[in-house]
Amino acid sequence: PAALAQGNPVPTEGGDPNILNLPEHSTGLGQGVNPEGSYGMPSKYEAHVKRRISPGLTQTTQASVSFAPLQSLFGIVTPSGLHFERHHQGWWDIDPSKHRLMINGMVKRPMVLTMDEIMRLPSVSRFHFIECGANTAAEWGNVAVPTVQYTHGMLSCSEFTGVPLITLLEMAGADLKNGKFVLAEGADGSSMTRTIPMSLILSGEVLVAYGQNGEMLRPENGYPLRLVVPGVQGVSWVKYLRRIELGDKPYATKDEAVHYIDLMPDGLHRQYSNLQEAKSVITTPSGGQVLLDKGFYNITGLAWSGFGKIKRVDVSVDGGRNWRTARLEGPVHSKALTRFNIDWVWDGKPAILQSRAMDETGFVQPTYKQLRAVRGTRSIYHNNAIQSWLVQENGEVKNVQLS
Amino acid sequence: PAALAQGNPVPTEGGDPNILNLPEHSTGLGQGVNPEGSYGMPSKYEAHVKRRISPGLTQTTQASVSFAPLQSLFGIVTPSGLHFERHHQGWWDIDPSKHRLMINGMVKRPMVLTMDEIMRLPSVSRFHFIECGANTAAEWGNVAVPTVQYTHGMLSCSEFTGVPLITLLEMAGADLKNGKFVLAEGADGSSMTRTIPMSLILSGEVLVAYGQNGEMLRPENGYPLRLVVPGVQGVSWVKYLRRIELGDKPYATKDEAVHYIDLMPDGLHRQYSNLQEAKSVITTPSGGQVLLDKGFYNITGLAWSGFGKIKRVDVSVDGGRNWRTARLEGPVHSKALTRFNIDWVWDGKPAILQSRAMDETGFVQPTYKQLRAVRGTRSIYHNNAIQSWLVQENGEVKNVQLS
Amino acid sequence: AEKFPGVGRTATPKEVAAWDIDVRPDFKGLPPGSGTVAKGQDIWETKCASCHGTFGDSNEVFSPLAGGITPDDIKTGRVAKLKDPTAGRTTFMKVATLSTIWDYIHRAMPWTQPKSLSPDEVYSVVAFLLNLNGIVPDNFTLSDKNIAEVQQRMPNRNGMTTKHHLWPGNEFGGTKTPDTHNVACMKDCAPEPKVASFLPDFARNAHGNLAEQNRIIGPVRGEDTTKPAPK
Amino acid sequence: AEKFPGVGRTATPKEVAAWDIDVRPDFKGLPPGSGTVAKGQDIWETKCASCHGTFGDSNEVFSPLAGGITPDDIKTGRVAKLKDPTAGRTTFMKVATLSTIWDYIHRAMPWTQPKSLSPDEVYSVVAFLLNLNGIVPDNFTLSDKNIAEVQQRMPNRNGMTTKHHLWPGNEFGGTKTPDTHNVACMKDCAPEPKVASFLPDFARNAHGNLAEQNRIIGPVRGEDTTKPAPK
Ligand code: HEC
Ligand code: HEC
Ligand SMILES: [Ca+2]
Ligand SMILES: [Ca+2]
Ligand SMILES: [Ca+2]
Ligand SMILES: [Ca+2]
Ligand SMILES: [Ca+2]
Ligand SMILES: [Ca+2]
Ligand SMILES: [Co+2]
Ligand SMILES: [Co+2]
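Residue numbers (our numbering), protein chains in the order written: chain A, -5 to 397; chain B, -5 to 397; chain C, 47 to 277; chain D, 47 to 277.
Keep in mind that a hint or two might mislead.
[As the list claims (entries may be wrong)] Quick look at which bits of chain B chain D covers, simulated, 3 or more residues with Cβ under 8 Å:
hint	segment
1	5 to 13
2	17 to 30
3	68 to 77
4	209 to 220
5	252 to 258
6	321 to 335
[To be verified] A few chain C residues that face chain A, going by a derived Cβ cut-off under 7 Å, partial list only:
hint	residue
7	T56
8	G75
9	P77
10	S80
11	K140
12	T143
It is worth saying that the hints were derived from the structure and are not from the lab. Glycine residues also receive a C-beta, built at the ideal position from the N, C-alpha and C atoms.
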C-alpha cells in the first residue's frame, strides 16, 4: 500500500548505496570468539523479539504470565529465552544439588532420588508443545487483544529430555492395578499440585524432565525438574517437581477445583478437563502487523493437538469460504507444534486469513460459532476456535471475529 | 569408587535435611514474570556449561574456534547460546535492514533482494547438524585433548528456517543446464567464499537461512543470513551471505584450495572434499568426567551423517569386542544429530566405551586403524573414527586410542 | 536383582511426613485438629485481609474469595449465580470440595509465607471463610471430625461434571466424542463473511506501540499505534 | 506472470561490479593490471610483514605462507616435502591455483583492512610472494597477461585430486565407494583392546580444571585436575 515505502527501491545513483559503499564489516576485522564464560545472545537488532505482559491481565507479577512473541518466531522450537512464563507463586533458581524427588503413596517402597540419580536413569528426548489451558481465554466473548502474542502466546514447544515417570513408579514398586491417579507436586511456595492422568503415564509419555532444548530447564520453567505431560494443559507440567504420589482417587487440587475448570452455559463446571484439542493460528501475517506491499507472501503459522499428530492444515484467505491445504514441515511429531506454510499473492484488497487444523483422530478445529454453541463464552479455558485476521487495504492486519 | 561420596546417603537424622528443613523456595514468594525487554537466561547453577577455547589452538581470536560443551547437552538441539563458533576474520552484528543478497553469474536476470523480500518467500524449517570439517582434527595422530568438548565440540544442531536456494536461482532465471557450480560469498572481512555442490541445490536441501532454533541466526552464526548446506562441512555454510554466483567451473577459493583440503600419505591433497561421513560419539560418560558410584548408568551420545539418516548405533563397553544396539530417539531427521541411549551397569572395573554409527547408505563408522590405513594421520579434516573412552577403576574417564 | 543398581533409596517416614501434605476430597491426608470462626477471623485480619480484603471480597491482589452464594445454593449444592452471564465468580461460588480450600491454604497461604500456618490455624481460617460465605454459623468450630458434614453444605458441591472429552483415560467415564464436529470443507463453505467483533479505534495503542513488538525486518512490520491508522 | 510478484529486483551493472570480485582458476574475474616484485616488497613490508614476517615465514599470527619449495617442485608441479610426515606445510607448498592467492589477498588482506588494496597492489604483493617462494625472478612483473604462464610454474599445481567420495554430485568424477568398509560386527569382533595413546599425567590440567567444565549435578562430575588422580 501507498502508506509504506518499498523495501527495495530501484536505485537512483545506479545502485543501492548499501551495495556500492562497502559496509565496515566487509572492510574491517570483526570480533573474536566469545571469551570463556560467556553465553551467546541474540543480535541487538532483535530487541523487539521479547516476551511481553498483557496490560491489566493480572494484579501481581508472581501470579502472572508473560507471552511468547509468536509473531516473530520460526519453525517449531521456541528459544528458551522466549518461552512463555506462567507462575502461580513466583519463580525460583533452585540449587539442584539440594533438590530431591520423592515417590510415595501406593508403592511398595517410597523413594527419594537426587538429581544425580535421576540423571543416571534411561532418558528420552522428545519435542512437545506446552500450552496454558487459558491460552486465548481473552477471546471467548469478543476480540480483546490485538496481536497473536497476546491471543496465542501462552504456547511454546521444546525438546524435553528426562525419565519416563513410569520408570520411577516401577522402581518404587507401584501398585499399578489399584493406583489410578498420580499427584504431582512442586517445591515452590504454592507447592503446585495436579492430578496426572494414568493413561499417559502408562503409555510412557509423561516425563520427569530436566532438559529443555539441549540444556537444563530454565529457572522460569521449573529448573531443575518438571513434569512433562504431552497434550495436557501447561498447569499439569508441574515445575520444581518434588513429589509424585500414587493414589486411588483424584485430588481436586486448587488448580483443578477452583481454576482450570470450564464453566458451561448451564452453570456446571467441567472438572479434570486436561487435554488441548487441535488448534492452529497464522503467525504471519497476523494482528498488529502491516504488509509492506502488494504481491507475494508466505503465509505461515503453527498447528498442534493434544490428541496426537497434526494431519493437515487448511488455510482460507476469504474468511472461511474457500480453503487450500498448506505444506507441513515434517517429520511431524506427536503433540508438538507443527509449522505450516502456504503461498499467497496479496492483491491489495481486504482479505480475511484463517487456518484450520485437523489431527490424526480426524478432529477438525472448530469455528467460534460451533465452539460457543456448546460451551458458551464463559468457560475461560480450552478456546481452540479458528482465528481470523483481517488484512485491510492499508496493509494493517486486525484481529477480528466473524458473525 | 571410594574416591567420591554417594550422592544420596541414607540419612543419619532420620531424614535428609534437604527434605526435613523446607527450603526457602517452599516457604516464600518467588520472583515475578520477567519484565518487558528481558531475554531469559540459564540458571546460575549452569555456569559451567559454556563454549570454550582450546588452549594454544589458534594464534588469534578472530581466526579461531570455540567448542560446544557436548558433555553437558541433551537431545539434539544445540542451544544457540552454546553453538560452536568458527570465524576466519571475526564476527559482526550486521544491521539487517541494510543487508542485501545478490544473485549473479549464469542467470538471465541478476538480482538484488532485501531481507524483507527474502522473508516473504516460501520458507522451510529443518533440523540439520553443522560440523566443522576440522572437528576431531587434533586426534588424527594421537590423543591430544582431554574432553569431548575439545575432541568433537565443533558440532551443533539447530532447526534452520529459510528459503531453498533453488527458489532464488529459478527466480533469477538460472541456466541450470550449463551452470554446474555455485559460489557463495559472505559480507564479512574475509568475504568467505566456497563452491557449493549443485546436486544439493537441485535437491532443494541448500537453504538461504535466516532462522535458527525459532529466532534469527545469532551474530556469531551469520546474522542475518547464512547458507545451510546439509551434510557438508561447516565452512560451506557461508555466514553473512551477500552473494550467490552461478558458474560453469569450480572456484578454488582459499578455503578449498589452501585449507579444507585433505593431505593423503602420497603427498596429494584431496580437494572439494565436502561431505561429513557417518560419525558418533558418547557424550556421557566421556573424557574428563568421573563416575560417582558403581551401578546403573545411561550411556548417551550423538550420531550423524552427511549422507542422510542414521540407521543404527551400536555401543561397546569392552573396547570394541562386543556390541549392543542403542535406542535412537525418533523421528530421525536426515543430516541431523541423532541422540542414542543405552543401559549400562558399571561394575567398578576398567571399561572402554565406544559407539559406532551406521547411516542409511549402510556405511559403518570406521575404526582409527581402518581410517589411517587409507588416509594416514596428516589429513586434518574428516576424522570420523570411532572414539574410545576408558573408564578407570577410580571412576575417571580418559580419552584413549587403541592399538 | 535391582533393575537400576545404585540409583535411589527408600524414603524415611520422617521424610514422607515432611512432604506428603496433600488433602484429598475424601479427606485422606487431613491432619487432626480444629479451629473456630473467631480465631479464624483474628488470623484473617492479621495475615490475609491485606490482600483479600476484610470480607474476602477484594479484587486488588486476586479475585474475590467470598460472596455470591444464597442459602438455597447450600441446600441444592448448585450455585445459581453461575448461570448469570453478568455475574462475577468468587472462589466459594466455584469450589465443590472443601478439602481443596483446606489443602491450598495449608500449602500456599499466606502468599508470602506459605506453609507457615499450623493445622489448627488452617482449620480456623477455613472456618472463618465458611462463615463469611454463610455456610457455617458464627460460633462454629471446624475440625477433622465434622469437616465431612460441612462438605455436605458446600454451595457448589454438585456443580462439577466430568462428562467431557478432555480427560485422557476412562477414570472419570467422560464422553467418547468431542464437543464440536467441524468438517474440512474446501469450496463455497460459508456465506460472505461479516466482521462481528474487532478492537475499537481508541484501543489502538492499549497494548503499547506494536511497531516495537515486531522485528525491524521481515515480510511485515508492526503497526505504529502511536499514530492513527494510515488511509 | 511472475511467480513471486513484488519480491526482488534486477541488480544494476554497478552493483554487480561492486560485489562480483571473485577470481576463478581460469582467471575469469581477474581485473587487468600489473605489479612488480619490488613494489610488492614495499607493500609487504608496510602492510603484511607485521603479521606474516618479513619473509612470509612467521608463525605468530598465522601459519607460514612461504618456504618448503624446491626448484624441482616447480618443474614437476608436486611439492615433494608434502610426503615428509615431519615437515610443516606452508601456503605455497599446498596451493595449486594462483588465482586462489590473488583472489584471497584482494578480498581479505590485510586482515584488518580487507579490500583496501588496488588490483595493481595485489599483483605486486602476489609477485613478491611468488618471488619469495622462488617461482618468479626478482625483477618480475606479474600482470593479467602473464599470470596464466606463472600458473604453469606453481609448485603444487599437480598436487590436487578429486578422486574421493566426499563431493556430492558427479561434477568432479569422484569415487563411488567410501574409503573405509567397517562392518557392524556384534560379538567377539576384536582382540583384547590395548591402549596405545592417552594424555600424559603432566598434561592433566593443561585444558583447565575439568571439574569446572562439567555441570555441578548429573550422572558424573568433572575431574578435579588441580589435584592428582585419585587412587
Ligand atoms: C500477599 C498477598 C496474599 C496474602 C497475605 C494472602 N493471600 Fe491468599 N492469595 C493471594 C494470591 C495472589 C492468590 C492467587 C494465587 C494463584 O494465582 O495461584 C491467593 C489465593 C488464595 C486462595 C485461592 C483462591 C482461588 O480462587 O484460587 C485462597 C483460599 C486464599 N488465597 C486464602 C488466603 C488465606 C487464608 C490467607 C491468610 C492466611 C491468605 N490467602 C493470604 C494473595 C495473598
Ligand atoms: C593483522 C594481521 C595480518 C596482516 C596485517 C596481514 N595478514 Fe594475511 N593473514 C592473517 C591471518 C590471521 C590469516 C588467516 C585467516 C584465516 O584463518 O582465514 C591470513 C591469511 C593470509 C593468506 C592465506 C594464507 C593461508 O594459508 O590461508 C595470505 C595469502 C595472506 N594472509 C596474505 C597477506 C598479505 C598479502 C597481506 C598484506 C597485504 C597480509 N596478509 C596482511 C593476518 C594478517
Ligand atoms: Ca497453565
Ligand atoms: Ca568449518
Ligand atoms: Ca546411589
Ligand atoms: Ca498424600
Ligand atoms: Ca518489492
Ligand atoms: Ca564472478
Ligand atoms: Co491459574
Ligand atoms: Co579455516
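Here's how the hints hold up against the structure:
1. 5 to 13: The restraint on the segment 5 to 13 of chain B is violated, since only 0 of its residues have a Cβ under 8 Å from chain D and three are required.
2. 17 to 30: violated (count 0)
3. 68 to 77: violated (count 0)
4. 209 to 220: violated (count 0)
5. 252 to 258: Our answer is that it holds, as 5 residues pass the Cβ test (under 8 Å) against chain D, meeting three.
6. 321 to 335: violated (count 0)
7. T56: Given a least distance of 5 Å, the restraint on T56 of chain C holds.
8. G75: Nearest chain A Cβ about 9 Å off; hint violated.
9. P77: violated, 16 Å
10. S80: violated, 22 Å
11. K140: Holds, because the Cβ-Cβ distance from K140 of chain C to chain A comes to roughly 5 Å (cut-off 7 Å).
12. T143: holds, 4 Å
Taken one by one, the earlier hints fail for this structure at numbers 1, 2, 3, 4, 6, 8, 9 and 10, listed in ascending order.
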